[in-house]
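Visitor: Per our numbering, numbering through the sequence shown is continuous, rising by one, with the last residue being 446.
These aren't lab readings, by the way, just hints derived from the structure by calculation.
Hints may be right or wrong, so weigh each one.
Only pairs whose alpha carbons sit at most 20 Å apart, straight line, appear in this in silico DMTMM-like list of lysine to aspartate or glutamate [to be verified]: (1) K111 x D432; (2) K111 x D97; (3) K390 x D63; (4) K111 x D63.
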Amino acid sequence: MGGRACRLGHFRGEESVKGLRVMVVVCMLWACQTAMVWAEGFALTEWSSRGLSLAGGMVGRADDPSAIAYNAAGITQLPGTRVMGGFAAIAPMGTIDLDLANGGRTSTTTKPNIWPAPHAYITHQLNDRFWLGLGMFARFGLGNEFSESWTGRYNLTSVNFQTFSLVPTVAMKVNEVLSLSAGVEVMYAAFSMNQQIPSWQIINYFPQQGPDSRLTLDGTGWGAGLHVGAHFHMTDQLSLGITYKSPVTLNINGTVDYSRHHANLLADQGQVPHTIDTDAHSTVHLPDSFAVGLAYQPLDNLSFEVGTVFTRWSTYDSLNIYFDSDYQSISHKNWRDGWNFNASVEYEPLDWLALRAGIWYETPVINEAHADFMVPSNGRTGASVGAGFKWGNWTLDLAYAHLWVNGVDYAETDAAGIHSTVSGIRGGSSRDTVANIYSVSIGYTF
Numbered sequence: 001m002g003g004r005a006c007r008l009g010h011f012r013g014e015e016s017v018k019g020l021r022v023m024v025v026v027c028m029l030w031a032c033q034t035a036m037v038w039a040e041g042f043a044l045t046e047w048s049s050r051g052l053s054l055a056g057g058m059v060g061r062a063d064d065p066s067a068i069a070y071n072a073a074g075i076t077q078l079p080g081t082r083v084m085g086g087f088a089a090i091a092p093m094g095t096i097d098l099d100l101a102n103g104g105r106t107s108t109t110t111k112p113n114i115w116p117a118p119h120a121y122i123t124h125q126l127n128d129r130f131w132l133g134l135g136m137f138a139r140f141g142l143g144n145e146f147s148e149s150w151t152g153r154y155n156l157t158s159v160n161f162q163t164f165s166l167v168p169t170v171a172m173k174v175n176e177v178l179s180l181s182a183g184v185e186v187m188y189a190a191f192s193m194n195q196q197i198p199s200w201q202i203i204n205y206f207p208q209q210g211p212d213s214r215l216t217l218d219g220t221g222w223g224a225g226l227h228v229g230a231h232f233h234m235t236d237q238l239s240l241g242i243t244y245k246s247p248v249t250l251n252i253n254g255t256v257d258y259s260r261h262h263a264n265l266l267a268d269q270g271q272v273p274h275t276i277d278t279d280a281h282s283t284v285h286l287p288d289s290f291a292v293g294l295a296y297q298p299l300d301n302l303s304f305e306v307g308t309v310f311t312r313w314s315t316y317d318s319l320n321i322y323f324d325s326d327y328q329s330i331s332h333k334n335w336r337d338g339w340n341f342n343a344s345v346e347y348e349p350l351d352w353l354a355l356r357a358g359i360w361y362e363t364p365v366i367n368e369a370h371a372d373f374m375v376p377s378n379g380r381t382g383a384s385v386g387a388g389f390k391w392g393n394w395t396l397d398l399a400y401a402h403l404w405v406n407g408v409d410y411a412e413t414d415a416a417g418i419h420s421t422v423s424g425i426r427g428g429s430s431r432d433t434v435a436n437i438y439s440v441s442i443g444y445t446f
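With the hints as constraints, model all of the structure from the sequences given.
Guide: Encoded structure:
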């Protein structure tokens, strides 16, 4: 696709307006949607349909507008002005088996949900040396929902954590071999969680288990970070990409509401909060990541890439929520650093058609000694396919991916609300956790 002409005729002007309309629609969709999925940890990489079908193999290629998310140094390969927008629809499913103190066993399957993860990008060439870019995508997200009456309800019934990153970027072509980029990330986050609070009350002069009260926590917050990247066009066939995304600290403030307000002996003992509506706050430390991708293009219509992403999940040591009513919800995490290994291939049998496939593996990061029902993932494997189409200045990318998620053992966890006399749980594990991901992206070159 060619660059933007210095003088645009009436017809090209109409095309530009159409392209801008697409971008506006994508941004409106972005504003209305969330970005949730079961992920290893809860990092997201569904930043474009092409990127998804290539298993994230866009660090070394970095040759479309979604490079702003994968490796922004690569946008120096894009002449003129380009826009891209779309979303992924993510459908996770899994089952948790719980062993009970009375010798019984229960199995609960998560509620079926589809979590959308939108993305939007624009790149513009200023001159032969400098490019500007703007990306909107989600680096982190999590969604999970169970029945409000399920056995593990005292730990969690639902969670919805969404982030939106706005990343203005500048890239510089140092020479014909090296390009560099830097971007500032402004991240908005929204967090919602529900769980049931058990109660013991004096009924007919005797302590007995009373009705549950549903706790609803809603909060929002902001954070900031930095993205830097480098792209080396080593030969006509080999390119190397390196990128770093800094950690982001989110300061989240919100409210805690309860469905019932009653006396509770467990609250008097400090085991659970008193059911008093209150404000709350938390600080969440999201990890930094470092990615490397090596792309090989033996033919003009054939390319391969292998890469790895290192995410420093060891910085995520706790998720503590402080209630203004003087109660503290302390949740230890102590996760391990994680690795993603990916490989992909892209083949263009026709000028207007590209076929893609990829595979990846992510190492486990959670600490099962503190495992909860918020992230029932212990390493995962993925496979993806996709296709790209070109019509004049327009592009359409489609992708599908399937994830196989390893199970979590809850036998030794100290997470609140799991091993307790009230819950009656003495162990358990997750199983059959999978996710299907469908994605579409539309692009336009001015």
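Visitor: Now look at each hint and say whether the structure bears it out.
Guide: Results for each hint:
1. K111 x D432: The given pair, whose Cα atoms are some 14 Å apart, holds under the 20 Å limit.
2. K111 x D97: holds, 15 Å
3. K390 x D63: It holds: about 15 Å lies between the C-alpha atoms, which stays within 20 Å.
4. K111 x D63: violated, 38 Å
The structure fails to meet hint 4 from the earlier list, while all remaining hints are met.
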